[in-house]
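A.B. asks: Residue-level listing of the chains:
Protein chains: 4
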Amino acid sequence: MSVASSRHFLQIPGPTNVPDRVLHAIANQTIDHRGPDFAELALEIFDGLRAVTRTSGEVVLYPSSGTGAWEAALVNTLSPGDGVLMYETGHFAQLWFDLAVELGLRPEILPGDWRTGADPAAIARRLRADAEHRIKAVAVVHNETSTGVVSDIPAVRAAIDEVDHPALLMVDAISSLGSIDLRHDEWGIDVTISCSQKGLMLPPGIGLNVIGTRALRAAESAGSRRSYWDWRPLLEAGRKGYFRYTPPTNLLFGLRESLAIMLEEGLDEVFARHRRHGAATRAAVRAWGLEVLCADPATAPGTEHSGALTAVLLPPGHDADRLREVILERFDTSLGAGLSKVAKKVFRIGHLGAFNDASLLGALGAIEAGLGLAGVPHRPGGVTAAIAELTGGADVP
Amino acid sequence: MSVASSRHFLQIPGPTNVPDRVLHAIANQTIDHRGPDFAELALEIFDGLRAVTRTSGEVVLYPSSGTGAWEAALVNTLSPGDGVLMYETGHFAQLWFDLAVELGLRPEILPGDWRTGADPAAIARRLRADAEHRIKAVAVVHNETSTGVVSDIPAVRAAIDEVDHPALLMVDAISSLGSIDLRHDEWGIDVTISCSQKGLMLPPGIGLNVIGTRALRAAESAGSRRSYWDWRPLLEAGRKGYFRYTPPTNLLFGLRESLAIMLEEGLDEVFARHRRHGAATRAAVRAWGLEVLCADPATAPGTEHSGALTAVLLPPGHDADRLREVILERFDTSLGAGLSKVAKKVFRIGHLGAFNDASLLGALGAIEAGLGLAGVPHRPGGVTAAIAELTGGADVP
Amino acid sequence: MSVASSRHFLQIPGPTNVPDRVLHAIANQTIDHRGPDFAELALEIFDGLRAVTRTSGEVVLYPSSGTGAWEAALVNTLSPGDGVLMYETGHFAQLWFDLAVELGLRPEILPGDWRTGADPAAIARRLRADAEHRIKAVAVVHNETSTGVVSDIPAVRAAIDEVDHPALLMVDAISSLGSIDLRHDEWGIDVTISCSQKGLMLPPGIGLNVIGTRALRAAESAGSRRSYWDWRPLLEAGRKGYFRYTPPTNLLFGLRESLAIMLEEGLDEVFARHRRHGAATRAAVRAWGLEVLCADPATAPGTEHSGALTAVLLPPGHDADRLREVILERFDTSLGAGLSKVAKKVFRIGHLGAFNDASLLGALGAIEAGLGLAGVPHRPGGVTAAIAELTGGADVP
Amino acid sequence: MSVASSRHFLQIPGPTNVPDRVLHAIANQTIDHRGPDFAELALEIFDGLRAVTRTSGEVVLYPSSGTGAWEAALVNTLSPGDGVLMYETGHFAQLWFDLAVELGLRPEILPGDWRTGADPAAIARRLRADAEHRIKAVAVVHNETSTGVVSDIPAVRAAIDEVDHPALLMVDAISSLGSIDLRHDEWGIDVTISCSQKGLMLPPGIGLNVIGTRALRAAESAGSRRSYWDWRPLLEAGRKGYFRYTPPTNLLFGLRESLAIMLEEGLDEVFARHRRHGAATRAAVRAWGLEVLCADPATAPGTEHSGALTAVLLPPGHDADRLREVILERFDTSLGAGLSKVAKKVFRIGHLGAFNDASLLGALGAIEAGLGLAGVPHRPGGVTAAIAELTGGADVP
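Residue numbers (the UniProt record's numbering), protein chains in the order written: chain A, 1 to 397; chain B, 1 to 397; chain C, 1 to 397; chain D, 1 to 397.
The set of hints was computed from the structure by calculation and includes no laboratory data.
A couple of the hints might just be wrong.
What the hints assert, rightly or not - With a cut-off of at most 30 Å between alpha-carbon atoms, the simulated DSS-like pairs for lysine-lysine come out as follows:
no. : chain 1 : residue 1 : chain 2 : residue 2
1   : C       : Lys341    : D       : Lys240
2   : A       : Lys345    : B       : Lys345
3   : B       : Lys341    : A       : Lys240
4   : C       : Lys345    : D       : Lys341
5   : B       : Lys345    : A       : Lys240
6   : D       : Lys341    : C       : Lys240
Using the sequences provided together with the hints, build the complete structure.
C.D. replies: Structure follows, in structure tokens:
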């Protein structure tokens, strides 16, 4: 049981641990969202988000979850009946597909094995076959939160361009933004979708769309019935630092602070830290004798392995949810569950957002201890291996 | 200019001043929204919201603004083309109408003068004329935030029943919930719409629907295309204390606390406090020789005068926005602007949420001082009159 | 009774209302007081305190109350049996005298009437009579917290110099520092004594001494038995930003922030604000027909009237503590009690520290209402008069 | 370098990590320390402290560091020239001795080796030789913070009783209270000395004395010159829940919360947790091939080994301060320095206060990694050994 003298380790792949500076910012008194101080706050945030998403384009924020930001991207640019090409990287790709169905779109999803990223060649093939351009958008998850597999977005862009298809490229950056480099402009993304509670180190409650020129044009001429999600009035108000409706002011206080924290640390340092934590986690998993869900044979960062989370397969016959329960009860450490078709087979270690080496070693230590208590066959020494990885292997015998 | 040694008076009619207990609750570390502690939190909140809305029905919460909760109420129960009868109590009634148009509904709005509440007789007349029952919902604002006028919801219900019309009754309780008594079940409301940043004493970021049985049935059989706003999966997950997508966890920490605060004080005491503050504010306005926008000749609480806010008319030729600017600059006190057709003609004093007599006297003092500095013709003595009202008239000569 | 939806007005003359920025700073995680970040913090604070006390001298901080800082000033410079000349400005001058007795010093206190400041002529007379220089220190309270009377420190200095007496000048600036201008170097003060919970806008827990060259010399060659209070090891450690023993780290986080706030606002603006609030409070008291305890016939600021607090005499037969109780119960506003020989005869209004015009009007409104409820004879209109004072009299008929 | 996205590990042996609940409590607005809410707060705290120190005696709190509480214990009970028998358990015993010298007492200190606890036989021998009872007090450190060695207080008491000596027994429980069981009444302690920033999980700023009947009697009849530290007026005011001078109100808010947290967890559980963390830390140290400073050959908890901290000896030629610097820089983890005669030879791991298994494993992981980076000869696997100790050895091959 959790006691107040025990600091919880929130190692699900989001929401993530929130830095005290951000929590204190959120605890400031709410201000008038029509007053001058608010406009300054909002304009500063829009600038910061542009820096973090590497765009000179438009940013729209919603009081919403990431799911709302998914919906916003679709209803602003697509009309009922429009085709959307998706790729089954895992559970969240599937959920986004389901949402598109509910909105009256005609999504199709290229089958995936949940252990590899989106296949650009398969996307190119499907688009080539779409001679009538019924497919209006390609929608891909950058970092699949259910599997810890990263898709190669520039390669997807190249695949679309290769077949000269006019579809928009929409990228779910929900668990990558702020953890894994994403370059909205350079990579030719039309809509980037994200939210507050992952790499941005905030509590949940803000969804966001980064919008390129082609997507904006699509929103002017087409789109589904919409009001709350409509980009146009939000963009218009946003130019002066205001919102069409009441914004989540206190979370925005936090967002200003978390953007400042990221830029103080340096984006490159932030991404390198996540890569390092991913590599150290995989070293621990290998040392335990367990298997990482991501099937990329390369072990170095910069492959399909995620710096944001690691999904770990348990040996057959062992229940990952039972393991998570033991670790939560005994070590006050929350891990992510396996979802849908990998339910109970995998557990997920979130190592994104506000996180450092000592905390990672603590979390891995809790897992190693939990593996023992839960009777999951493994070799001790995962933390030792992680230390070796973090310190450049110097002290491994 | 605001300095950090000066405590801001946030006297717009929402967002409102947030109690320290609530701010501290929000500043707790985010938790796993799939874990056991979260379920406990959510179930406690649903119970608290039922107590505050006086219902045994269902409650749905969204990471959203109040606008989102408006949209949710409409898309769950109505299909494109459905008629909705609204009443022009003021700016927010009009905005809700506009939203309904955007969603493809066929709203019509009975004209109002922005100084009185919804007219039940006019509603009855219109419904009687709707023999084919094309009107599927009557949508009324309980406390019109742009005018400070309260509509009589039981009378609207009686008007619908009187003509035996099957339309659902939807009530916007955005600026009444937690400030002015509202009885979802007893008053026969089908959907109550509200949000966090008014009487619930929270920052913005949570929208809510309270849903009666008839509305639930409508949602099962009809409704517009929807995903994010869909009640059904949210209700299903909510039964066990969970959400379909990531909930605004930290704001929910705050909501648990603010509900506790309201129930500690006692709902009747909370409402009486708001009525008292409304009466004291009107006493000040009259003493200044200015006019309250709400035209109800009765001055006692419990009439159309709002306990949540007071809109004040300036003499012709005086710019209310200029006055507000002076008061903000010089007294660090934010007041609400006149909106749309009363822009610059009125200013609004929010006296809802976490607020006490001394703070009210401070706000009224700042306004009285600002009237002088801005050169608005008035008589001093507004605060004196408010004191007399607050203390039962004892010390008025 | 206090409820959580009611913001308390803490209008005692200290502890004072603490700005949110300071409270948030205090709520940061404690750090290693032997580490590099701590040294940076401490050195920044010492610099800030020098700026606020207008000195280039030494500053020593204690984990203590102001009483501890009184004791520190005495035991570092004086030996048992040494004479100390004090002046009975009120209750706190008397308490300091008592403390000197307990420490084995030979204090004598020039009698005062508790309505006027220290009399430089009387001090000069007494020193002139002390041909053998048995009096080693003159100890005067700058702003007597029990009466709201300010003593003229430069005049006291001039009195000492006039008779060419070598006594040290010690000044209790407990309720003046940060509220009323004090110039340690320019005024020739040898030891300035203060603490955190008044004009410095912090919770209690830090005592401080500002030490001039002559006092330092006295501490090297004389002084009482001491360990905790000993300046020497603290000064030595302080040069590098450290403490001899564990410092009150989190309060120091707050002190850094409050010093920053004061310097952002500007010291002159801070002092002008306090003078303005003193004048407005006195205008209210006069309008009520009550009497200010400070007997200075001049009403303008810059006289013996305090900008930090105002003590108000009740008509004979009325119990000030009963009035305070009514105001606390009914308006959640704390006022200071009359102390010792003015117990129950006066109440004290603190208007120092983090405070603004609207809050002052709220506090005065609560008092005016309380006077009525408690049956204290008075005329309404105190707040009206205060508004006129705050706004330059513009709107008084 | 420390960045805001990195949670600092404060593993010095105090100040310790402060739970969020306590930090939030401290961040509440200061209240009137003469008002009714304060008295309730203080009385609740006195009760809680009695529970934690297992006494029915008196408790006095000071705005001070632990050093102040040392001084208070001495000046209230002893007069200049009185003998005090101390035992050189380490640096802090020596500092307390120095303080006694500064206060004019005549302390003598029995020599110790800094690796073992106070020797009751040596104390008995010395007392037996003191036929004239010039020794008025025996003053022993319970948990020596510089060495991680626990002295057996009941055995010291028995030694005093055995020779029938009237000396008071004073126990420094600064780093034991709240971490290691201490029974003021049952163990026959006359004065227990402690402070806020160790096992009580608060920031520094509160010193405390628990006072038995004999010590109270001594304070009535004897003692040194004192004012600030004088028990008598504080006890008198304390009976009604007040203080003689301004108390550190916000830290007291925190103390109420931390006492509640300890009692929620259960004192036995708290002490067991500390013992477990001590044992796991020693297991790590042994696995690294390093030596624990505490020389007790027994390795089980309940011996002289401390549950609050572990001091670790580096191999000759290796600088512990350099190691600490590497660990601070690279892993944002603060460790305690070796003090005085063990400077640079040992480093100290604080594992007291608010702490859990995962945090311990993180801290040990940071140390293991730092040993490698700093080139200190060691074997990897310390964390593995700690995990085995924490989980009952289950998963060690």
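A.B. asks: Given the hinted pair Lys341(D) and Lys240(C), is their alpha-carbon gap at most 30 Å?
C.D. replies: Roughly 22 Å between the alpha carbons, so the hint for Lys341(D) and Lys240(C) holds.
A.B. asks: Holds or violated: are the alpha carbons of Lys345(A) and Lys345(B) at most 30 Å from each other?
C.D. replies: violated (65 Å)
A.B. asks: Please verify whether Lys341(C) and Lys240(D) have alpha carbons no more than 30 Å apart.
C.D. replies: holds (22 Å)
A.B. asks: Would you check the hint for Lys345(B) and Lys240(A), treating anything up to 30 Å between C-alpha atoms as holding?
C.D. replies: Between Lys345(B) and Lys240(A) the Cα gap is close to 23 Å, so the pair holds against 30 Å.
A.B. asks: Is the hinted pair Lys345(C) and Lys341(D) satisfied, with a Cα-Cα distance of at most 30 Å?
C.D. replies: violated (61 Å)
A.B. asks: Straight-line Cα separation of Lys341(B) and Lys240(A) no greater than 30 Å?
C.D. replies: holds (22 Å)
In terms of the numbered hints stated before, the structure departs from hints 2 and 4, listed from lowest to highest.
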